[in-house]
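Enquirer: Once you've looked at the hints, dock chain B against the given chain A.
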Amino acid sequence: MSGGVDSAVAAARAAEMGYDVTGIHLALSRNPKSYRTGSRGCCTIEDAGDARRAADVIGIPFYVWDMSDRFHEDVVEDFMSEYAEGRTPNPCLRCNEKIKFAAVLERAVALGFDAVATGHYAQLVTGDDGLIQMHRAVDMGKDQSYVLGVLTQDQLGRSLFPLGDSRKEDVRREADRRGLSVANKPDSHDICFISDGDTAGWLREKLGVGSGEIVDHATGDVLGTHEGSFGFTIGQRKGLRIGRPAEDGKPRYVLDIEPVSGTVTVGPREELTVDHITAFRPRWCGTVPAEPLEGTVQLRAHGEEHRATVTVRGEDVVIELHDPAQGIAPGQAAVVYDGTRVVGSATITTALRRQPA
Amino acid sequence: MNQPTTTNGAPAHRVYLDHAATTPMRPEAVAAMTAQLSAAGNPSSLHASGRAARRVVEESREAIARAINARPGEVVFTSGGTESDNLAVKGLYWARLEADPRRTRILSTTVEHHAVLDTLHWLEERGADVELLPVNRCGRLRLEALREAVERDPASVALVTVMWANNEVGTVQPIREVVEIAHAHGIPVHTDAVQAIGQVPVDFAAVDVDALTLTAHKVGGPFGVGALVLGREIELTPLLHGGGQERDVRSGTLDAPAIAGFAAAVELSVTRQPEHAARVAALRDDLLRRVSEQVPDAVLNGDKDCSVTNRLPGNAHIQFPGCEGDSLLMLLDARGIECSTGSACSAGVPQASHVLLAMGADEVAARSALRFSLGHTTTQADVDALVEVIGPVVERARAAGIASGFGIRPPGPAAAVKVG
Numbered sequence: 001m002s003g004g005v006d007s008a009v010a011a012a013r014a015a016e017m018g019y020d021v022t023g024i025h026l027a028l029s030r031n032p033k034s035y036r037t038g039s040r041g042c043c044t045i046e047d048a049g050d051a052r053r054a055a056d057v058i059g060i061p062f063y064v065w066d067m068s069d070r071f072h073e074d075v076v077e078d079f080m081s082e083y084a085e086g087r088t089p090n091p092c093l094r095c096n097e098k099i100k101f102a103a104v105l106e107r108a109v110a111l112g113f114d115a116v117a118t119g120h121y122a123q124l125v126t127g128d129d130g131l132i133q134m135h136r137a138v139d140m141g142k143d144q145s146y147v148l149g150v151l152t153q154d155q156l157g158r159s160l161f162p163l164g165d166s167r168k169e170d171v172r173r174e175a176d177r178r179g180l181s182v183a184n185k186p187d188s189h190d191i192c193f194i195s196d197g198d199t200a201g202w203l204r205e206k207l208g209v210g211s212g213e214i215v216d217h218a219t220g221d222v223l224g225t226h227e228g229s230f231g232f233t234i235g236q237r238k239g240l241r242i243g244r245p246a247e248d249g250k251p252r253y254v255l256d257i258e259p260v261s262g263t264v265t266v267g268p269r270e271e272l273t274v275d276h277i278t279a280f281r282p283r284w285c286g287t288v289p290a291e292p293l294e295g296t297v298q299l300r301a302h303g304e305e306h307r308a309t310v311t312v313r314g315e316d317v318v319i320e321l322h323d324p325a326q327g328i329a330p331g332q333a334a335v336v337y338d339g340t341r342v343v344g345s346a347t348i349t350t351a352l353r354r355q356p357a
Numbered sequence: 001m002n003q004p005t006t007t008n009g010a011p012a013h014r015v016y017l018d019h020a021a022t023t024p025m026r027p028e029a030v031a032a033m034t035a036q037l038s039a040a041g042n043p044s045s046l047h048a049s050g051r052a053a054r055r056v057v058e059e060s061r062e063a064i065a066r067a068i069n070a071r072p073g074e075v076v077f078t079s080g081g082t083e084s085d086n087l088a089v090k091g092l093y094w095a096r097l098e099a100d101p102r103r104t105r106i107l108s109t110t111v112e113h114h115a116v117l118d119t120l121h122w123l124e125e126r127g128a129d130v131e132l133l134p135v136n137r138c139g140r141l142r143l144e145a146l147r148e149a150v151e152r153d154p155a156s157v158a159l160v161t162v163m164w165a166n167n168e169v170g171t172v173q174p175i176r177e178v179v180e181i182a183h184a185h186g187i188p189v190h191t192d193a194v195q196a197i198g199q200v201p202v203d204f205a206a207v208d209v210d211a212l213t214l215t216a217h218k219v220g221g222p223f224g225v226g227a228l229v230l231g232r233e234i235e236l237t238p239l240l241h242g243g244g245q246e247r248d249v250r251s252g253t254l255d256a257p258a259i260a261g262f263a264a265a266v267e268l269s270v271t272r273q274p275e276h277a278a279r280v281a282a283l284r285d286d287l288l289r290r291v292s293e294q295v296p297d298a299v300l301n302g303d304k305d306c307s308v309t310n311r312l313p314g315n316a317h318i319q320f321p322g323c324e325g326d327s328l329l330m331l332l333d334a335r336g337i338e339c340s341t342g343s344a345c346s347a348g349v350p351q352a353s354h355v356l357l358a359m360g361a362d363e364v365a366a367r368s369a370l371r372f373s374l375g376h377t378t379t380q381a382d383v384d385a386l387v388e389v390i391g392p393v394v395e396r397a398r399a400a401g402i403a404s405g406f407g408i409r410p411p412g413p414a415a416a417v418k419v420g
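Chains as they are written, first to last, in the numbering used here: chain A, 1 to 357; chain B, 1 to 420.
Any given hint might turn out to be false.
[Unchecked claim] A few chain B residues facing chain A, derived, Cβ under 7 Å:
hint : residue
1    : 330
2    : 360
3    : 400
4    : 403
5    : 404
[To be verified] Derived contacts from chain B toward chain A, CB cut-off under 10 Å, selection only:
hint : residue
6    : 240
7    : 324
8    : 331
9    : 399
Quick caveat, the hints were computed from the structure, so don't treat them as lab data. Note that CB positions come from ideal geometry on N, CA and C, so glycine has one too.
Just chain A, with the same shape it has in the complex:
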């Protein structure tokens, strides 16, 4: 129970379904602020209070679990080291993989609980083969199956997502009806541990400046310098301080980031398009696809679906996009879908153009 409306309604629904529910607020921040200021950031003391009040209204016990050390090790440090390597990580997937459905779940099971329920928008059904399947939520605008694409069958077997069949507006109305005062609280977005939303600034503070040169992809000419390649991401157009415009007058985009030298390579938009993606460290929600799978992939949070052929070779996954896509950043997750069913996910290592333009 984060103190937000989704987890509050999810807890209420779980209790109504007949489960013996205990509300847990995760204290993930080492230095929690007292009050929420707007929709960025999470887990302030005020949030904990909101969660506690929701638990009171629902009529369930409530405790706070301090996971701040594990969270720092598994999520925050991973986030920093990925950026330091020139990649663009997604910490929410890491948090689900390592904290919410791992550390929390392990402790819960050891204490005698059976499952973790959250306010994530995703649906779980049991297939004809007896395996649990995760599908996209009914509300496609709120669907969070992407960030849950890291869950294995064991983890899915101990998960509950009571909101998967609902639309967000209905959830807010329900919160209101149930007397949960968080009904009108704004949703939090962006990264929960960067409360002012300034990821680049946060990275500069943690990783140092890491300045370097900005070079042209074709000629290798140095076009400018930057103070901090951390925070640049593939496909980025804004924030490049290049003195002179390109010869053809078109905008330039970040094509590559080399972390050791700090060299950022830029070029025109066409160079961003890719159709051949490799990924590693896959996590499968059910069985591992044996044959090449004709399905879709989602390559970033809130990204579009791309039709693709997905081939699995052990710990490596090759994704051939049927139509080229742009701005695919190594470090992000590629989540594979078969219709609305989440097949699994893997971390993007390379993204190339194979087919000629």
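Expert: This is chain B only, laid out in the frame that chain A set:
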């Protein structure tokens, strides 16, 4: 769960073993308070209704003074223990400093309640020179450290504040000796006695302390009212200014009904103290013995010598190696048994107890403890209920501790507090 539940999912029959946090209101206190609730009169008013309310306040003041061997004029009513501690520490410090600017030092201990500790930190941020004196492994103040700190430069000490009995591990402090050392140099002494009243004999005049905090809800009175017992000659800077009540020391309309409840509770607690202490000490000793049988490696913190003179009679503070205190608390809560981890909570996140750390426990040990505190309503059945479930609860908490990697070393004698 098959048991009938109340709201918040708890089993309906609760076994309450957290009397140090608060204790049920005594029926006599409820009656005394209720009798006054419908009366309309401000004790400061001059007319008959005011005088009637005033009389209730003054009779209560006399009853409380009698119970602790103080003079009625020495009893200043406040909103409770925290206010009394703030008033004493800030008020004495500022008054003493104003009288002599050399008096910038405050001497206290590492095991004080947060109402004293946080006040000291706040004053420190504003220029006070705070020295927190060490305690021994039993949690008792090392008198030699106090003596040295005072004698190093007595003219610079504004005050000494040492609690009468510790709320977490129940250790009783050597207040008489503290007063002797301080008074030899004319330094005033404050003591937070909220846990001591009604548990051990508290004699304000005999001990000769200058200021003493007590609060109603720890002795079976209502929340929201307490007192600072203050020697008449003691100069103190007030926190609250206004109507000049309580001889200008603490302005604010007096809560006559609550004060009536307070007095009834104090009277009863003190009168019944000897039998109460013997009764709960016996229950507490039974609890310790039988919990030890169920959990052989459980460790008793605080003073191993459980006689009343050294330890609060109802206090049982136990460390369970390999277990996180908050897991134990949650598992017991689910079974209807209510106790405390004894540590301060910030937004409900458990912190390692500063008291245990001050006594020499490591972080892991300091997070593995539970405090059971028995009170005037505790029965043998309560102890039996705890003993019945503690074994399985500890096993589960231990499994959860292992699952979350709690404590890097495996549990064993090395992780336990060695009580010496």
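Enquirer: For every hint, state whether the structure bears it out.
Expert: Now for the hints, and whether the structure bears them out:
Satisfaction of the interface hint for residue 330/B is found here, the shortest Cβ-Cβ separation to chain A being roughly 6 Å, below the 7 Å cut-off. About 23 Å separates the beta-carbon of residue 360/B from the nearest beta-carbon of chain A, more than 7 Å, and the hint is not met. For residue 400/B, the interface hint holds, since its Cβ comes within 7 Å of a Cβ in chain A; the closest pair sits about 4 Å apart. Annotation: residue 403/B was flagged as interfacial toward chain A, and the flag holds, the nearest CB pair being 4 Å apart, inside 7 Å.
Using the Cβ-Cβ criterion of 7 Å, the hint placing residue 404/B at the interface with chain A is satisfied: the shortest such distance is roughly 5 Å. Taking 10 Å as the C-beta contact cut-off toward chain A, the hint placing residue 240/B at the interface is violated, the least distance being around 25 Å. Interface restraint check for residue 324/B: the shortest CB-CB distance to chain A comes to about 9 Å, inside 10 Å, so the restraint holds. A hinted interface residue such as residue 331/B counts as satisfied when its beta carbon comes closer than 10 Å to some beta carbon of chain A; here the least separation is about 7 Å, so the hint holds.
Taking 10 Å as the C-beta cut-off, the interface hint given for residue 399/B holds, the closest approach to chain A being about 5 Å.
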